[in-house]
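Chemist: Here the protein sequences line up with chains R and X, keeping their order.
When we follow my numbering, the leftmost residue of the first sequence carries the number 1, and every step to the right adds one.
When we follow my numbering, the leftmost residue of the second sequence carries the number 1001, and every step to the right adds one.
Quick caveat, the hints were computed from the structure, so don't treat them as lab data.
On a predicted model such as this, the values are computed, not experimentally measured, just so you know.
Glycine included, C-beta positions come from ideal geometry on N, C-alpha and C.
The reader is advised that the hints may include incorrect statements.
[Said to hold, decoys possible] In silico EDC-like pairs for lysine to aspartate or glutamate, Cα to Cα no more than 20 Å straight-line:
(1) K1083/X to D1063/X
(2) K68/R to E55/R
(3) K1015/X to D1086/X
(4) K102/R to D1086/X
(5) K37/R to E55/R
(6) K102/R to E1103/X
(7) K109/R to E15/R
(8) K3/R to D1057/X
(9) K57/R to E1103/X
(10) K1078/X to D1063/X
(11) K56/R to E1103/X
(12) K41/R to D1086/X
(13) K3/R to E69/R
(14) K41/R to E1103/X
(15) K1011/X to E1085/X
(16) K1044/X to E1085/X
(17) K102/R to E1085/X
(18) K56/R to E69/R
(19) K1044/X to E26/R
(20) K1078/X to E1068/X
(21) K1015/X to E1085/X
(22) K1044/X to E39/R
(23) K105/R to E39/R
(24) K57/R to D83/R
(25) K37/R to E1103/X
(26) K102/R to E26/R
(27) K1062/X to D1086/X
(28) K1071/X to D1056/X
(29) K1083/X to E1014/X
(30) K1044/X to D1063/X
(31) K3/R to D1056/X
[As the list claims (entries may be wrong)] Far from chain R, some chain X residues (derived; all Cβ distances over 10 Å):
(32) K1011
(33) I1013
(34) K1015
(35) S1018
(36) V1019
(37) W1022
(38) N1024
(39) I1026
(40) N1051
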Amino acid sequence: EDKVVQSPLSLVVHEGDTVTLNCSYEVTNFRSLLWYKQEKKAPTFLFMLTSSGIEKKSGRLSSILDKKELFSILNITATQTGDSAVYLCARGGSQGNLIFGKGTKLSVKP
Amino acid sequence: EAGVAQSPRYKIIEKRQSVAFWCNPISGHATLYWYQQILGQGPKLLIQFQNNGVVDDSQLPKDRFSAERLKGVDSTLKIQPAKLEDSAVYLCASSPPGLEPYEQYFGPGTRLTVT
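Can you build the whole structure from these sequences, using the hints too?
Modeler: Written as structure tokens, this is what we have:
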């Protein structure tokens, strides 16, 4: 099964810090890579990166995709306690499904 | 716009009992997914429907799990009999029709505890 590997698995920072979350995937027939934020139960959509859109930005969050090296990063600048969550990376499967990594648990301390 | 609805939110059962979960996707979303998320793991796809047809159920343990979407709208997922390792959050998601269905919208999930 094609894998999606995220690192680190957990991270503790202080408010105002900048963090970088990593996601690598093992597939040659690439379709898309997505980032989700999961605070309590339901993952909420952040970004989708495709061949035609390898860099996305929304406020303090940004993400880039390196199709050659098969990885993506999610950057969060000036972190806030509300950024505390599990961040999930997923790649798009051939049937429209998502294949998720284990997630990175981010804790932002005041 | 109403989101994906799921019920119940929590369920505790004993092993060997049966349980059913319900999901109502966002109106107009043709594709519906059921995911299982074990603590500390990412969601894993169990089954994917396109309208009322199954697209992918390759990771559904068919000896104990079943799912249906009879009218192409809401869906039920059943486990019978449950095992301890079925303890997890069961997430339902839907996506609108289109060429890029990956932007999926998730429901709040059902946390199942099997004792």
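Chemist: Against the 20 Å threshold, does the CA-CA distance of K1015/X and E1085/X hold or violate the hint?
Modeler: Since the Cα atoms of K1015/X and E1085/X sit roughly 9 Å apart, the hinted pair holds (cutoff 20 Å).
Chemist: Given the hint that K1083/X pairs with E1014/X, test it: the Cα-Cα distance must not exceed 20 Å.
Modeler: holds (8 Å)
Chemist: With the threshold set at 20 Å, check whether the alpha-carbon distance from K109/R to E15/R stays at or below it.
Modeler: holds (6 Å)
Chemist: The output says N1024/X does not contact chain R. Does that hold with a beta carbon cutoff of 10 Å?
Modeler: holds (14 Å)
Chemist: Please work out if K68/R and E55/R have their alpha carbons no farther apart than 20 Å.
Modeler: Judged against 20 Å, a Cα distance of about 14 Å means the pair holds.
Chemist: Is it true that the CA of K1044/X sits at most 20 Å from the CA of E1085/X?
Modeler: With a Cα-Cα distance of about 14 Å, the restraint between K1044/X and E1085/X holds, given a limit of 20 Å.
Chemist: The output says S1018/X does not contact chain R. Does that hold with a beta carbon cutoff of 10 Å?
Modeler: holds (23 Å)
Chemist: For W1022/X, is the shortest beta carbon distance to chain R beyond 10 Å?
Modeler: holds (16 Å)
Chemist: Need the status of pair K56/R, E69/R: alpha-carbon distance at most 20 Å?
Modeler: holds (18 Å)
Chemist: Please confirm whether V1019/X is truly not at the interface, meaning its C-beta sits more than 10 Å away from all C-beta atoms of chain R.
Modeler: Given that every Cβ of chain R is farther than 10 Å from that of V1019/X, nearest at about 17 Å, it holds.
Chemist: Between K1078/X and D1063/X, does the CA-CA distance stay at or below 20 Å?
Modeler: This hinted pair holds, its Cα atoms lying about 11 Å apart.
Chemist: Would the hint linking K1015/X and D1086/X be met if the CA-CA limit is 20 Å?
Modeler: Holds - the C-alpha atoms of D1086/X and K1015/X are around 9 Å apart, at most 20 Å.
Checked against the numbered hints listed earlier, the structure breaks none of them; every hint is satisfied.
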